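Read off the chains here:
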Amino acid sequence: MFKRIFSFLVPVGKNIKEDIDIYGSEVPLEGNLYLTLNEKIVKNINKECDIPISFIPENGKQKNEVRNILVEFLKTEAIDVGKLLAKRLCGFTSKISGNGLLFLIITNENKYKNLIISRFPVESGLSTNIEKSKLNIEYLENIFMKNSNYYKATIYSGESYDSDFWEGLAVDKQINRKKRELADYWIKDFLKSQFRITSKTGTSFLATSLKESITKCKDVNSKNKLLSVAILAENLNGKAISVNSFCNKYSLPDNLKDIITKSLPTPEIAEIKFEFNLDEFKSILAYTTIYLDNEAVLSAPSFAFHDVWEMENDQNDKVRFSTYGQIVNEKIKSRI
Amino acid sequence: MDYLALQNIYAKRFPLLEKVACKIKDDLKVKVKKCLRIDNISARAKSIERFTIKAKRVNEDGSLKYDDPINQIQDQIGVKIVTFYLSDVDEIEKIIKDYYTPIEHKKVAPDNIKEFGYEGKHLILFIEDWHIGNGVDEKDIPNYFELQIKTLFQHAWAECEHDLGYKSDKPLNKEDKRNLAFTAAQAWGADKIFNEVFIKIMRNEKGLQ
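Quick mapping for you: the protein sequence lines, in order, are chains E and D. So for the first sequence, my numbering puts the first residue at 1; every next one is plus one. So for the second sequence, my numbering puts the first residue at 1001; every next one is plus one.
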């Protein structure tokens, strides 16, 4: 349930020495703007914001200046306190990001209080009207596009100002998702926050569930499919993924997706976004490589090596390895 | 404040806290398994009695320290990792931060450079959904747990000092306090020397001077 909405025009302020005035106002809980905000942000906020973030403690202490402002704003619901957030955002807004419209939306849900912090880019455009059979065209600056889907949003929910509001959920619909999930200036600089699920934790869930799924699969084709995606995962280092997006990326069939999800400690983990960490992945899904004197190199995940490669000894201290599968990738290296 | 009602709320969540404490301990064991010199990892839910005592604590001016104890007391679940050497404490802290998100991480030591007393590394970390499991109302579980990382000497000193504090009806006198500070200084010195020798041996093993 909506409680208050405040809006601020946030100009570019990064690397600008002069003091910049910030203007804001309260948005009435009726009318087109209210309906647009409800439709565009509030209604889908829990679905859209899928990246958990948390405030970074300052000097190791349980203190974070942005959290302090946020809590103060929720307590007072005062526009002057909200303006502190707008002023802070202004200081980190570069020319590349451009001017923005910041919305601070307070909603209530039973005992819980929510704060949505959202930024829309402001744009320029043309306005036309016909007057006395004549077309008038006017250039407009600082306009907010109703249909724009390029926004950033973060939601904080809680009941206790002491123990809650250290973590939130974020989305960045302005960024090129192939590269990153959240703009640094929004999360690291403006909100003084970090990914809530560390890259190692997220990756360890993915790697462990893959490992367990490979072991569980009795069907050779399924086992091989999982082994091959484990190899392809090496290309994901540093990218933001979730277990679900990983499965979708490599078009894993539903039955394998289901095995992987069921191998996680809780099904909800499948949705959590994290930064893929190759070292952690390799430490769990380590590979064993055997070099033979005939120049052959055999490789497979350590825990499944003898499932993948069948070994026969002969009487001359020689071994014969055999395997069966589908070729999914081929690499040529100049030297081993 | 209605302390009886508070005690009942805490007593209701206590069995859950014990279960979550075990899960956190198991999780931590896996995470720090690479560290070879761990003496012990223990986890506990704060007893109902100790929680109530803590909830009633007052500041110097007589005001209540906690006006919302169930949300403000962050060591309802406490985990301790005891290790051999001081350098292990830093190594373990680094591993923990690779996997857990802290809202606080600090070295606890006397402020005055001439004083000796309690020392250790304290972290306040999020309790995760996968520690809680399914079918549990998250409101019955606090948001955070406290992790202490200590050397054997820091741990031994803190345990004895804590025990004496509980055993004594009245505050320790000046000489007792001085004696305890002396033992803390010895523990501090022992840690320092063991760590120096350990680092020297490790450097020699690696062929460094």
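Fair warning: there could be bad hints in the mix.
Claimed, not checked - 30 Å max Cα-Cα, derived BS3-like pairs, lysine-lysine:
| hint | chain 1 | residue 1 | chain 2 | residue 2 |
| --- | --- | --- | --- | --- |
| 1 | E | Lys262 | D | Lys1034 |
| 2 | E | Lys63 | D | Lys1174 |
| 3 | E | Lys111 | D | Lys1080 |
| 4 | E | Lys61 | E | Lys111 |
| 5 | D | Lys1177 | E | Lys188 |
| 6 | D | Lys1094 | E | Lys63 |
| 7 | D | Lys1023 | E | Lys63 |
| 8 | E | Lys61 | E | Lys95 |
| 9 | E | Lys192 | E | Lys211 |
| 10 | D | Lys1031 | E | Lys249 |
| 11 | D | Lys1080 | E | Lys216 |
| 12 | D | Lys1177 | E | Lys192 |
| 13 | D | Lys1177 | E | Lys61 |
| 14 | E | Lys239 | D | Lys1034 |
| 15 | D | Lys1094 | D | Lys1034 |
| 16 | D | Lys1034 | D | Lys1114 |
| 17 | D | Lys1080 | E | Lys282 |
| 18 | D | Lys1200 | D | Lys1054 |
| 19 | E | Lys239 | E | Lys40 |
These are computed hints drawn from the structure, not numbers from a lab. The structure presented is a predicted model; accordingly, all values stated were derived computationally and were not measured.
Taking the numbered hints from earlier one at a time, note which ones the structure violates and give those numbers from smallest to largest.
2, 3, 5, 8, 9, 11, 12, 16, 18
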